[in-house]
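A.B. asks: Residue numbers (my numbering), protein chains in the order written: chain A, 1 to 361; chain B, 362 to 722; chain C, 723 to 1083; chain D, 1084 to 1444.
It should be emphasised that the hints constitute simulated quantities derived from the structure, not laboratory data. It is possible that part of the hints are untrue.
For the chain B half of the interface with chain A, some residues (derived, Cβ under 10 Å), not all of them [as the list claims (entries may be wrong)]:
id, residue
1, V460
2, R565
3, T653
Stretch by stretch, here's where chain D covers chain C in the computed footprint (C-beta under 8 Å, at least three residues) [what the hints assert, rightly or not]:
id, stretch
4, 735-741
5, 842-855
Here a beta-carbon is modelled for each residue, glycine too, at the ideal position from N, C-alpha and C.
There are 4 protein chains.
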Amino acid sequence: MMRFGTALTVTVTGSSHGPSVGAVVEGIPAGTPIRVEEVQQALDRRSPVGRSLATKRQEPDRLVVQSGIRDGKATGDAIVALVENQDVRRGPYEELVDVPRPGHADFPARMRWGSARDLSGGGIFSGRMTIGLVIAGALVQGLLEPKGIDTVAFTRSIGPVDVADAALDLPLQELRRISRGNEVGAPEDTAAERMRGAIEEARRNGDSLGGVIEARVEGLPPGVGEPFFDSVESVLSHAYFSIPAVKGVEFGAGFRAARMRGSEHNDPFVLKEGVVRTRSNHSGGILGGLTTGMPVVARLAVKPTSSIAQEQDSVSLSRKEPVRLMVKGRHDPCIVPRAVPVVENFTAFVVADLLTRGRFL
Amino acid sequence: MMRFGTALTVTVTGSSHGPSVGAVVEGIPAGTPIRVEEVQQALDRRSPVGRSLATKRQEPDRLVVQSGIRDGKATGDAIVALVENQDVRRGPYEELVDVPRPGHADFPARMRWGSARDLSGGGIFSGRMTIGLVIAGALVQGLLEPKGIDTVAFTRSIGPVDVADAALDLPLQELRRISRGNEVGAPEDTAAERMRGAIEEARRNGDSLGGVIEARVEGLPPGVGEPFFDSVESVLSHAYFSIPAVKGVEFGAGFRAARMRGSEHNDPFVLKEGVVRTRSNHSGGILGGLTTGMPVVARLAVKPTSSIAQEQDSVSLSRKEPVRLMVKGRHDPCIVPRAVPVVENFTAFVVADLLTRGRFL
Amino acid sequence: MMRFGTALTVTVTGSSHGPSVGAVVEGIPAGTPIRVEEVQQALDRRSPVGRSLATKRQEPDRLVVQSGIRDGKATGDAIVALVENQDVRRGPYEELVDVPRPGHADFPARMRWGSARDLSGGGIFSGRMTIGLVIAGALVQGLLEPKGIDTVAFTRSIGPVDVADAALDLPLQELRRISRGNEVGAPEDTAAERMRGAIEEARRNGDSLGGVIEARVEGLPPGVGEPFFDSVESVLSHAYFSIPAVKGVEFGAGFRAARMRGSEHNDPFVLKEGVVRTRSNHSGGILGGLTTGMPVVARLAVKPTSSIAQEQDSVSLSRKEPVRLMVKGRHDPCIVPRAVPVVENFTAFVVADLLTRGRFL
Amino acid sequence: MMRFGTALTVTVTGSSHGPSVGAVVEGIPAGTPIRVEEVQQALDRRSPVGRSLATKRQEPDRLVVQSGIRDGKATGDAIVALVENQDVRRGPYEELVDVPRPGHADFPARMRWGSARDLSGGGIFSGRMTIGLVIAGALVQGLLEPKGIDTVAFTRSIGPVDVADAALDLPLQELRRISRGNEVGAPEDTAAERMRGAIEEARRNGDSLGGVIEARVEGLPPGVGEPFFDSVESVLSHAYFSIPAVKGVEFGAGFRAARMRGSEHNDPFVLKEGVVRTRSNHSGGILGGLTTGMPVVARLAVKPTSSIAQEQDSVSLSRKEPVRLMVKGRHDPCIVPRAVPVVENFTAFVVADLLTRGRFL
């Protein structure tokens, strides 16, 4: 099963080199407004088309809705939506069956399924599967907007380049506007330019970079999240680690919290215009797994792209001997910028699911 | 529902100041050997009894099995196991209903459930609920041992004090032996002594400390994990963020990976005695969400204990006015040492669930 | 997993000859009123104690609540409730391991689990497991009563003896009052007396009888039920076929509907005091899987008790040869009367689950 | 959620008057052989095209597979398969919004969703949704065939006409061959001809008929089924009551068992060529909810088609007044023949799910 969610669920469908990739989304109430063109725009932001830093596999991802939406509204039935795979070149991947690529799922997938599962183009491990996550998140915007709930994701760092602290204090709308205005998805143009340079340098060296993405959700009421096992942190991290290449997730002060004292870390409660808020937000808007009403803040560590244009050590599984491997194919030297809309949209999906479960919607 | 797992499930039961806390564990096959005394030993390692650094709430946690085990074996039915709450003092907590404690779940829980849910002693947000996690993990050891699968957790850092890098290269058995030999759960006695000093100093100052816990699993075959949404990382992080005070989770190089180059981060495949291994283990034993056969390595950031013996800013929810709050009650100045056995056992439970789902068991 | 339900779940725990049998019930909202003494009364109605027609295994089923209820209200946590097994005699059952009893689960259970699963006293196939169903249903009454939803079950027939048609038109309260007033659970005393005679005759002959139980639910709003797979009929029948010995389930006209014409079967819509009702109720209060607001009516066929005091043909599984088997042990010659409170309570549980899922509660 | 199953799941998608209807099927292992042309043939058997007794809505149901099958094998990913709706005429249904049709879901659906859910053509309550069930069952044949498991369904009765008892003793292959050879799906040509006459007479009178369908599964090993709540009977009946118009389900002797004595109903165990069988099969191949290795036998009561060409009493929901309603549209005077392939295929799906859960596959 490749399915996620409880009150709302998404099943990602297809695979990299099959006829299509997409999503089946269930649980959106009949009558929920859905603007299909905005789902398309979300897909366009994930698309490599027109990005100078991205993979050369360039195909417009045209959304096709098979069922579940009519006259701009959810019918209440399963929404089946997909994007056809066009630019499929089977050649480059087929030789990888015997010699697994370092950093890729090739080896464990082969151990699990033998040759029963087609992994050309990465198969279900391809970043292309995240199209389903973008669709799922874009479909639930009609549930969140009327409640004033807004989600943003942006690039915090790429390789050694960090966004300046000052930029992090911008209002959510500004963070989104600036991040969407540059190719790396950073909320600060100077850093964005340096990140771009770092990626280009990595590419020239046949190498790759990782980075950190930050997600924020504003407008959530206090008390969202399910007690104990389905805390906001548990459910969001479960979702985030589904995104290929994510190797760390933290909330609020996160790993920094481990070095703080309680007197420093605790966020004091204060009243702001009659509303209970906290002065700082080290908790990332989550206490006891439930939202506090402060912005939810998460950060995701993204590893550098595994496919690099350098010879690497691997082994032949059949011949049981070492092999020097040169990975071919078309790859992003840094997937962080394209992962930003995935994180933003999938965060929205998780939040909508938690709100529905908790009957806030 | 306070339930976790798929092929194996655990429901945590009871609450801090109710008659008992415990677990209902389902899915363990009939005939699986279960040594009840080892479950008790696991609980004893979590217990504050005899720990100089721990809360003064000191009660022996005596395991009672209501059903599901007979003659040292699982019957195949639900295992109902619990520990009675003995040392319950209701006084200190009752005044907190109106003035939420900074860093605690009081505020969002009150917003969610009003007064319908009893939160004295932390209720379901109490660290005492982790007794159910320890029980669950200890119960599945009879599934893991015959396969040679071994799990350990230990303290990596407390406040500013880190374990020396050299200690991290010790074999798993040694890591466990040394960690169990000192009160802070660290695999290095010198660091353990400094950690102990740091905790005592924090306590003297009416303050608290956090830290980092590392978990490792050895002996897993390659290919464990479910594709896409139920990757090993997704499921483990979901579990880990259920443990109160955890604010970050990373695997392998984790957040460091975000600053590495692909050529540096990729783990080259090599043959060791005919078995495919990786030279380094930056992936933390997980590629594409599936195990590689290398040790699974996870780290958890634990925030400093929220209850500190200092006046803090809060608000009266009824009177809508600021209040200076002094938290009373009995608390650990650092919960990291007692969280170590929770992480170790719950890791084992998650691994057993994934192995069962994937039919490795 | 021995668990049922969606928004509310019940896990039946224990087994016939283990230390206890009971239920873990999850999902009842914090604050729901629960009268433990009424749960006990429901158990008493299922109990053989004081029934002249029942098994000689006679033990008072004393309810023990381990967690989840406090001060007459649900805490919102899992409710762990059980009854200790007292009158356990292991002897009679142990010889059945090799020679399966006709009509019992012995044979397929042995094929499935070998000797890993303890089936003495019927194990999990014992009618005693239905204690968990009674508990589950009795616990949710505090959700149904404030909505005016009332559930009843009664005996429609035992062996060849049917309740007179006139009795079926009685109001629900009367059906319940009369049925609880005689030992066979029938809503008509004349029939009840004849049923009693039939059971006694069967017992004298070392034989057993089956019968039909009818369940009714009144007060449900129209529209309850989940579309397509989780229709009211689907979910109720799923529940009913869990009750040992049930071999048929029908709603409204049921199997009679198969011989009716549409013009006869369709229930015309009419207005009664401004409310939409149907003139007849051939649909059993369910159209398209959703409630119509008319009484929900279900009937369950219960087979005759399998354990009879006559020699029967069986085989020795080890020796692969025919055996004449005389079943020993203590058995009801007709379990219909004791199944009535099980059906009544478990119907209430299913209805409460559907109402919660559909947000009618 | 319109989803069913555990180890294998099916989500039915689309609706009667949307662009398509179909199924998303998950859990079929990578490499399972799937003959798409046989799925098409199963759909053709459900289709009204070429049936003189069926609805005049006549459209060829052309299967389109969007993902999950490649080169005649399951890829292991979700199978998205659908059939486009071609012959959609919106007119006849739109006036029904205010005046519910007797025997239809119109009224409760309107109470549940108001006008948010489009019910033209029956919407999700249309018999057309069973296309998804046929697809699901046809897709799993590649799991059952290698194990020698065979499923058949046939018409037992239509209106007052029953199949002769002798026909019921035919081998499964013969039952299938004869049933597929006549338009009503009966395993006896004489009865088939009389059934055909009864249906034509009902149609001439503007009326409709119901009937009984029997399903059989042969080749199942003993022990299939999950203990207590997910017995074979529970899961099959859950599935069967999803099929529109089913109002009763029984196994083996079913409702007849309620009038039998234990000495008569119990199936004696015997050895046949070294294999344990039962002499009779009153249990319908199921004891304690588990298969015995004997044929599984189920019967479903199907009510007469609700849409009849006669004026009926209904009410105007808006004006709160009685209305005489004449239902227009295109309808089958008896849906039993077309429900037969639905029952046959969906039985296969349920069986494959239970086998997978129990690790028989």
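A.B. asks: None of the hints should be skipped; say for each whether it holds.
C.D. replies: A quick look at each hint next to the structure:
For V460 of chain B, the interface hint holds, since its Cβ comes within 10 Å of a Cβ in chain A; the closest pair sits about 8 Å apart. Interface hint at R565 of chain B: violated, since its Cβ lies 12 Å from the closest Cβ of chain A, which is beyond the 10 Å cut-off. Interface hint status for T653 of chain B: upheld, as the beta-carbon distance to the closest one in chain A is roughly 5 Å, under 10 Å. Counting residues of the stretch 735-741 of chain C whose C-beta lies closer than 8 Å to any C-beta of chain D gives 0; at least three are required, and the coverage claim is violated.
Proximity of the stretch 842-855 of chain C to chain D, defined as three or more residues with a beta carbon under 8 Å from a beta carbon of that chain, is established by the 3 residues found.
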